[in-house]
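If you're matching them up, the sequences are chains A and B in order.
If you're matching positions, the first sequence starts at 1 in the working numbering and goes up one per residue.
If you're matching positions, the second sequence starts at 556 in the working numbering and goes up one per residue.
Derived from the structure by calculation, the hints contain no laboratory data.
Small disclaimer: the values here were computed from a predicted structure and weren't measured.
Among the hints, a few may not be true.
As the list claims (entries may be wrong) - Simulated crosslink set (BS3-like; lysine-lysine; CA at most 30 Å straight-line): (1) B:K781 with A:K403; (2) A:K430 with B:K781; (3) A:K502 with A:K240.
Chain residues, written in single-letter form:
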Amino acid sequence: MYPEYMRKSIKKVEKTRPERLKLARSGKAIFPMMSEEERQEVLDNFHPDYKKDARKKVRIGPNKGESITTEVVDELEAYSRIKPEYFDLKHPDYETDVLVIGAGSAGFSASLLAAENGADVLLVTKLRIGDSNSMMAQGGIQAAVLPDDNPVLHYLDVIGGGHFDNKPDLAKALVSEAPDAIHWLQELGVMFDRNEDGTMLTKSGGGTCRPRMHSARDYTGAAICRTIRDEVLNRPDKIKILEHQPVVELIKDSNGNVAGAVLYHLENRNYYTVKAKATIIATGGFGRLHIKGYETTNHYGATADGLVIAYRVGANLLFMDSVQYHPTGAVYPPQILGFLCTEKIRGLGAQPVNSNGELFVHPLEPRDIEASAFIRECTERGMGIDTPGGQVGIWLDSPLIEKLSGPGTIKKNLPAMLRQFERFDVDITKDPILVFPTLHYQNGGIEINDHCETSVNGLFVAGEASGGIHGRNRLMGNSQLDLIVFGRRAGIYAAQYAKKAKTVALTLSHITEYDKEVEKIGVDKKHISPMILPDYTPASVKERQHTTDYQGTLR
Amino acid sequence: MPKNVPMMKVYILGEGFDVPEGSTIISAMEYAGFQLTVGVGCREGFCGACATLYREKGDYKLQAGLACQTVVTDGMNIAQIPFVPAEKPIYDINKVEPDIEAFKTLYPILFRCVGCNTCTKACPQDIEVMDYVQALIRGDIAKAADLSFDCIRCGLCALRCPAEIVQYNAAILARRLTGKYLLPKSPDLEKRVKEIAEGFYEEELQKLTKSDKETVKKRYYDRDIKTG
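For reference, chain B alone in the conformation it holds in the complex (with noise of 0.2 Å):
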């Protein structure tokens, strides 16, 4: 932190602490003396580990954020959500099918979505959470997986939704089907491991490993490049 930076109140555990303006709640949190074990992942979001929620001053509002995005304002009260204890069925990717049938038998609780959109006002990503829950109670997956793409797995949509949906377990189903499924598949790539299993590069591989340094170095230099 820069010198003379101006101090806020942040309130953590509901104790009043004074950390740096411009904080992110972790930073806050480490400058307050918390040593944190639980509750911090990647600190650039990615992993989903750091879901908060906090309320700012004079707000009544419970809001949701990630803990290393989240620059703290004067005032906000804030706690952590170490994990979700949140249910994922168990299911053999091999035997589902990519259609509404999945949905139903492994999350049927996807079709008590009362609409209410509380999941995308929670959601730290800024996904349409509730429009994926939808496509997928219309049987689109393709479209769920596109929406939830961004997905990090931090829970808050399921821990704020009042039909108790565990939206981001289903949306890695949809991913994974619309993947593995719905894209269309590479005709190269199918050809380049049948041709790579029939040993095609080996011979050439083989003689490069055992040659001298010298040698590697000048195909090295004189390998033409193609950028795309």
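Here chain A stands alone, though its shape is the one from the complex (with noise of 0.2 Å):
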């Protein structure tokens, strides 16, 4: 329930509703969009990127001397958290053609593909599998799919959202494959939104300039990912899955080719060793970096390993100086501080509006102008909304969407959202939803060419741990996409790539290497990457932790 002092603010919003409604009604824009200058302005003074601190020199590896995000830098300027000689390299603990790392839908996909062109496939993770990123996502999938939209269009959406540094090929069989992808995904069982008649539902997103958004309620990243996870399990005889054992280093063989991983069993505390003809890295993004000390959407174990391990074998990055701001992150009540309330809810009609109710921006901008804009709202404006908890927002009116289009609308497109409120007693469709940005998506990551391939041999990435297809800002709805797009290629090309990789002595030197390298910048010896698992201990804890070195999951 909101506190008295909020519901004075409510009261205005409810105030304004009437004439909102209207105005969504006449088919009018409902505030105008932003020119090309106006975002650059928005997107310089108030987005976090652009803040002082917010990226730094990478001073070691493949993209020396580049800027990325401050706390990317950490990771990557950190020592391996194995002894190299402590592994015996000639006994690998299993053999595979391709080795999954993570799975998501990305590497769900991937491993599918890959058992369909005949190579055998050992699928790793770091929680159970599914609990992901991808499990999480809730407002939809885009492809050109109607009549009066098409993939040229879709292409300009991707291009111009990613403030056109995307990189094309990327992004054209991203738009290509779409259809297919939505094909694909329903013949193995989806449960799409459709009318009678199997016309798909879909809906507006920010940035695009056709209603794409394919849907499953708002559960769709479930949807898709729990099917595509049932079709693994089917598989049993081509696809071997390993939980709870997250990969901590790549290993090369002595072509320099990526030929395997080493895994950590988070229980046991074992290691063992992959051999593996081809590797692909789908292990998703970095929102537990909490970068900027900002609250994310994302699930437990999304801590960069992905671009950690593949930067100590020589790969390139891509786009690693921006990071995505969802611009509904849930500040009220405190409990899910920071959880995702889908864009959506802004599809299905929600107006954002500030204190006294008024509109401020137009409510689907591509994600980072729209996040900058609420920040410039709460901000400079002053026109925000203080929490208990010492957190500021604005309101998103999501009642509007029931005057819009009718009781029961909520409960149909948007249950889990309706759910996570209720739980917690605020009931959105009575009452608005207290949102600020929070910290989302990986928006560059590992350079991938339209096959997968990185800069290293043997090495493939799929989903968010990649970079190239979305430039510096991701759409709604291209994420999911890329998952199924990019991992189905993955696991393709990957297959092709073992059936004639050969097999020679593999290495771990340049873990070595690397170290070396991390040692002559002068780094703290105790600092370890990757993260695997963040660390929410408090500090009254830790001092009494006395034989512990408490770091990720380092005892």
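Using the hints, build the complex out of the two chains.
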């Protein structure tokens, strides 16, 4: 329940609602879209990426000298968790054609297609299979399917949203294969929202010029991810699964190609080695680095492991200077601080308004623009609403949805959101939602080409861990799409590569070399990466953990 | 956590810890110094990794919930369940027919449902679990798919079921059969997939990928916008 002082502001929102409803029904834009100049201005002044200290130069590795997000640089400029001399690489614990690291929708798609193309697959993951950001995506997946839409328009949206920095071949692959990706998922049994005649129910998303967001209520990511997980579980003949075993380093062969990985079992604390002809990183993003102290929508294991291990074998990173803050993270009640409030809420007609109930931005600008406008409203303009816990936010007027489309619309289209807030005594059909930008997505990543190949042979990447598809800002619904399109591609091309790959002696000498570089720049010996899991232990407890070198799961 | 929050006692693995009022079970465990490696996942109620049994002070009832979505109460006793080792039959979705026979073959256990409704009471998503089991027994697969839609595979239904039914695994089969066979197909989708396969948009896309930034920018800002 909202405290009394917030109720006063809600009253103002209710007062302006009829006028805003009229505006929404008029069919005209409810607030003007920003011009190119206005967009740049709001980004420069308010987006967290553009703040001082947001970036710094990385001093070692393939991107040496380049400005990258500060918290990412700290992960890259760190020692390995392992001592290479402890490992007997002549006798690996597992051997496989294709090793897939990460069990979200990209890892599942890759595993299925690699298996279909004749490869034996080993799928390894840090948490349980499916416990991933893929599962948490709510709003939708883009594909240009409707008659007045087409892949060319989709391409323009992708490129414009990414500030024209995207790798064109990747954007082209994304939009060209989108309808086929939806078709593949439908044939595997994903229950996309459809009309009785079969027409897909689609909505607009931020920065799209057509309503092309396909959804499965507001469990779209879950509906996709659990369906392809079930399919993966139906292929035990070709796909072997190891859970709770994150990869902590990649292994190379004497030709310099990636040829497997080192796993760390989170429960028995053993290390295991995998020899693989081809390796696919599908480890997702970095939300749990809590960049610039932001809360995050990401799952517990999103700690940039893939970036770190790929960087140590020499893979190039791309656009790692940009971070996506989702405009609408929950800021109240405190139990759900930072949680995702899907863009579909705005897609269905909810409007962002300030403490006086006034509109101040078009509801569906690209995410970085929208988020920056929210921050401007709460800081420079002082029109946000403070919470008892010290946060600030603006209202997302969700009751408007039912005024526009009738009672029951929220229950039908946003069951997850309704339930999430109900659990903490807020009824979003009656009261607006208090939101502020939250750390959401890694726009860049390990650079790939349209075969998902990296700058190192034998190493493929798919999903959020990859860089290039979305430029410096991803649009809603293009991540779910990217997981499927590039997950499948990675599976196909890795299986093809595995057929030709020659197996030669394995080595971890690159780790020894990398650690020397880290030492040269004077990094504290205790600083190791990948982080694996964030540490939320309070200081009062740490003081008593005398025998614990407490960093991530290293005890 | 804001300062000066009142504290309350919770029992984790039987031992009492003082934690801030308003904590969820996960944040309470972390506050007490447990670094979780299993029994934790998305932390937002979508993945089902944090199934938890708990008992409230003075109560005999064992209750079930998600650790990331349940706020602790004073004197609460907590035990987490990392996963449920339930059976999952293997099948080829292309060969399973969307009718009752599929469930008779793959999930014969469903037909032992005693109608006690314990599964429904255990569900942290408030799904009418028993109703969808009954729908499957009747062969109404689309109904079961609809009722079970918000399932997150935490496994609490199966864990509490006296008839040993694996409700949540049967439910994903129901949804897949519905999505694949029972919902109407989109005519636009088939058409667009075919167009693309025939290279309909290839030339224009190729041209765009080769165009300079300014040309693409102009086309972007000039494109007409239709919302829906």
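Which numbered hints fail | Hints that this structure does not satisfy do not exist here, as all of them hold.
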